[in-house]
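Peer 1: Read off the chains here:
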Amino acid sequence: MSLTAPRTISIPVAGSTLLEVDHLTVTFPTSSGPVEVVKDASFRVESGDTLGIVGESGSGKSMTSLAIMGLLPRGGTATGSIRLNGHELLGRSDREMRRVRGDKVAMVFQDPLSSLNPYYTVGLQIEEAYRAHNGGSRRDARRVTIEALERVRIADASRRVDHYPHQFSGGMRQRIMIAMALCLEPDLLIADEPTTALDVTVQAQILELLADLQRETGTGMIFITHDLAVVSQVAQDVLVMKDGEQVEAGTAEQVFSNPRAAYTRALLAALPRIDDPFDELKGTSR
Amino acid sequence: MTDAILTARHLTKQFTTRGDGAFIAGTSTFTAVDDVSFEVPRGRTLGIVGESGSGKSTTARIVAKLIDATSGTLEFDGVDVTQARGRALAAFRSNVQVVFQDPFSSLNPRHTVEKIITAPLDYQGISPAGGKRALVRELLERVGLNPDHAQRYPAQFSGGQAQRIGIARALAVSPKLVICDEAVSALDVSVQAKVINLLNSLQAELGLSYVFIAHDLAVVRQIADTVAVMSRGRIVEQGDRDAIFERPQHDYTKALLAAVPKIDPEWELRRARMLAEEGAGA
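Protein chains in written order, with our numbering: chain C, 105 to 390; chain G, 173 to 454.
It should be emphasised that the hints constitute simulated quantities derived from the structure, not laboratory data. Note that the coordinates shown come from a computational prediction; the quantities given were computed from them, not determined experimentally. Built from N, CA and C at the ideal position, the CB exists for glycine as well. Some hints could be false.
[To be verified] With the Cβ distance kept under 8 Å, some of the chain C side facing chain G (calculated, not the full set):
hint, residue
1, 372
2, 374
3, 379
Using the sequences plus the hints, can you model the full thing?
Peer 2: As structure tokens, this is what we get:
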């Protein structure tokens, strides 16, 4: 990821820059005038790499991803430039953005239960998503769906495909959401706090799964999280956001071993560590 | 045996569930907490960690006497409170307070901070020596809030500040034991660190004992003296904090610790050196 002068050359080359975001600003109108929730953000995502966007609540990290997906809440406007494989996404119609979503960019959210319809089997929901984008027969869609469930390591996929969301655990549901995203073969996967609602042992499994799948498919990924330790493990490049501003950007190694921004340093200092208890916090009580 | 403020012996909690009308017939019994025993050393912190469904929150609710255990005993400050009702229960409640996970849903949005903080006093029928207003000011100051904000409403505070109000309310009746049920889980990391520091300094000043329930092992390591690890309703391992974190014996504890994401220690070391050099150069 380069944060130097934005380039306008847009010839897609395999293994090159997948997503280029330049001077992205997201504005919402309020009764006391417009509020910028993302201010002048610029970053790159390379094919096969993961960009981690980390920040606390209200930092603008989720609004950044929604702007890329063309899914900003009503009233929100994005300015600047978002180019995917060299093609500008900002200013496209809803109809065009619907094609981009799924075909080119897919998203996995924090809460898999609210993203799945409880009245339909998981198989039917994945098949619908697949056929909406790729057409083809029911039979083909079912085959692709079972394959996708197998790829996300759901045991006995040909039987489980006919089960309903409530028959799966939280971790399994997140695997189903990942399967749904992946069967569309997106160039870019945006994962917004995908493991935040999960237990720590399940989180470890999902992070491992995402890394394996990325190796297999070469999909570029934006991983949004509040958790610095998680981002340090999954991302090659890291963007730190605060109050809509991009306060630090660099490789994960740079950001974690040599942070420049005072905010990044403070955030790292505040992170509770499992291997290094802050005994001094206990003061004289010990 | 150490001096324990609270002793739980063989606590078990069973819930009876009715059939769902479609797949499951009749009733079945689910054991949420299964033969759990532990002590909270006086003036110290017992951390209870576990994943969802481990029974840690049910244990917290039994210890706070918000629900009764199916069997087992609970002793507080040398008195058996298992069957406490009426006056004995009121006395228990003035000694044991709870801080909940979500500060906003546990604070009445229509009440001022003063009214929220003094609610436990009203419940107990206590009128503080220097008057309520003075006590509220003192408590707000103690938890790091502006004492002039006593007439404000919860919505006018941030999440971290709202959690401080919850802590001030817990302290109003001068309890001996505070049960923190995921008390910092909903907070941003920088706010979380401040609330942990606050809890630790309050313990040092007031000699409070804590039961600190959390799913986040790193947070528990920052605050607990002794740790109990729960899984599927049972305590699989308990002991001194450093022993649990550095020399876990049980396979579940080992798996849990291994799953916690960590920043590359090499990066951490390099950052620490860099900050030290900059500090020396400044």
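Peer 1: State for each hint whether it applies.
Peer 2: Structure-based check of all given hints:
Hint on residue 372 of chain C holds. Least Cβ distance to chain G is approximately 7 Å, under the 8 Å limit. Against a cut-off of 8 Å between C-beta atoms, the interface hint on residue 374 of chain C holds, since the closest Cβ of chain G lies about 4 Å away. With a cut of 8 Å, the hint placing residue 379 of chain C at the interface with chain G holds, because the nearest CB-to-CB distance is about 7 Å.
Violated hints are absent here; each numbered hint is respected by the structure.
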